[in-house]
Amino acid sequence: MGRGGIEMTTATLDARTLPAHWRDFLALTKPRVMTLVVFTGLCGLLAAPGGIHPILGFTTILCIALGAGAAGALNQWYEAEIDAQMKRTAGRPLPAGRMDRQSALHFGVGLSFFSVILLGLAANWLAAAILAVSILFYVIVYTMWLKPRTAQNIVIGGAAGAFPPVIGWAAVTGDVSALPVALFALIFFWTPPHFWALALFVKTDYAKAGIPMLPVVAGEVATRRQIWLYTAIMAAAAMAPVLLRLTGPIYGTVAFLGTALFAIFAFQVSVRRESDPEKMQPERRLFKYSILYLFLLFGAIVIDRWVFA
Numbered sequence: 011m012g013r014g015g016i017e018m019t020t021a022t023l024d025a026r027t028l029p030a031h032w033r034d035f036l037a038l039t040k041p042r043v044m045t046l047v048v049f050t051g052l053c054g055l056l057a058a059p060g061g062i063h064p065i066l067g068f069t070t071i072l073c074i075a076l077g078a079g080a081a082g083a084l085n086q087w088y089e090a091e092i093d094a095q096m097k098r099t100a101g102r103p104l105p106a107g108r109m110d111r112q113s114a115l116h117f118g119v120g121l122s123f124f125s126v127i128l129l130g131l132a133a134n135w136l137a138a139a140i141l142a143v144s145i146l147f148y149v150i151v152y153t154m155w156l157k158p159r160t161a162q163n164i165v166i167g168g169a170a171g172a173f174p175p176v177i178g179w180a181a182v183t184g185d186v187s188a189l190p191v192a193l194f195a196l197i198f199f200w201t202p203p204h205f206w207a208l209a210l211f212v213k214t215d216y217a218k219a220g221i222p223m224l225p226v227v228a229g230e231v232a233t234r235r236q237i238w239l240y241t242a243i244m245a246a247a248a249m250a251p252v253l254l255r256l257t258g259p260i261y262g263t264v265a266f267l268g269t270a271l272f273a274i275f276a277f278q279v280s281v282r283r284e285s286d287p288e289k290m291q292p293e294r295r296l297f298k299y300s301i302l303y304l305f306l307l308f309g310a311i312v313i314d315r316w317v318f319a
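Take 11 as the starting number for the sequence shown in the working numbering and just add one per residue.
Check each hint, because a few of them may be wrong.
[Claimed, not checked] Here are the simulated lysine to any residue pairs, SDA-like style, with alpha carbons at most 20 Å apart:
#1 K157 with K289
#2 K289 with A270
#3 K298 with V43
#4 K97 with F277
#5 K97 with Q236
#6 K157 with T214
#7 K157 with G168
#8 K157 with Q236
#9 K97 with G107
Note that these hints are calculated values from the structure, not bench results. Just so we're clear, the structure is a prediction, and the values are computed from it rather than from any experiment.
Using the sequences plus the hints, can you model the full thing?
Laid out in structure tokens, this is it:
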């Protein structure tokens with residue numbers, strides 16, 4: 011019997027494996043998740059004062075992508091048995107038997123070291139250190155410690171995904187100032203409503219795998235209330251760069267309108283009592299919009315800084 015009552019053992023997983031295809035290694039990096047990580051890192055780099063050589067800038071973004079991919083690979087290595095029990099993750103390379111766990115581990119560890127060392131040599135060691143912390147935080151603090159133990163896993167663990175704009179900024183400037191910290195806070199407080207909206211309509215998967223996500227442990231009513239609470243906190247974080255005069259009217263306008271729409275969607279989710287996953291259209295709408303929301307705000311940051319710098 012595996013962790014959390016999971017019956018599929020490592021031996022079972024490894025016994026079914028076939029020679030891994032390059033697409034399976036790519037899938038280990040969670041490329042869809044990486045898109046947003048890379049974009050926020052790029053925006054942090056472009057919004058930073060001063061400049062960076064295009065080749066070094068490209069290398070920085072590549073390292074952020076590789077670091078995120080390494081974290082994703084190590085996450086899937088550790089959670090292979092859990093993924094096998096969940097409908098939305100059962101097709102991943104490890105639970106599907108297309109790759110052995112040792113290959114995934116070696117790939118993740120190698121990619122981690124390579125991305126950190128390359129970033130240190132190409133940009134600076136502060137940016138490299140932050141990248142290393144983000145990988146370790148995601149793998150050890152979130153994946154291994156928080157996720158299987160507490161319903162607040164995504165609240166604290168969300169810090170792992172908030173590092174990319176700080177890394178991009180540090181790669182250019184060699185330091186960390188108020189704006190990248192504000193961007194970190196925005197992603198940190200955005201993560202709970204974003205992820206809990208998803209958790210509401212896949213909670214059966216989490217319950218089956220024994221993962222104590224908030225809808226499973228505290229119920230839907232409490233989760234909806236928490237989505238609304240964290241949306242309010244996120245709204246304050248989104249407007250902080252404007253209030254602190256770190257950005258101009260372009261970002262301020264986009265942040266105000268975009269956050270208002272986010273709040274409307276979050277409120278609609280918070281007052282619902284629907285428990286049928288097939289009927290959770292407002293929850294799906296909030297989840298999808300939350301991704302667009304972050305793209306809009308970070309894009310506005312860059313445009314604003316270029317226009318008013």
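These are the hints, each one checked on the structure:
1. K157 with K289: 27 Å, violated
2. K289 with A270: 24 Å, violated
3. K298 with V43: 13 Å, holds
4. K97 with F277: This hinted pair is violated, its Cα atoms lying about 28 Å apart.
5. K97 with Q236: With Cα atoms ~25 Å apart, K97 and Q236 exceed 20 Å; violated.
6. K157 with T214: Holds, at about 16 Å.
7. K157 with G168: Distance ~11 Å between K157 and G168 Cα, so the pair holds.
8. K157 with Q236: Holds. K157 to Q236 sits at ~18 Å (cutoff 20 Å).
9. K97 with G107: 15 Å, holds
When held up to the earlier numbered hints, the structure conflicts with 1, 2, 4 and 5 and fits the remainder.
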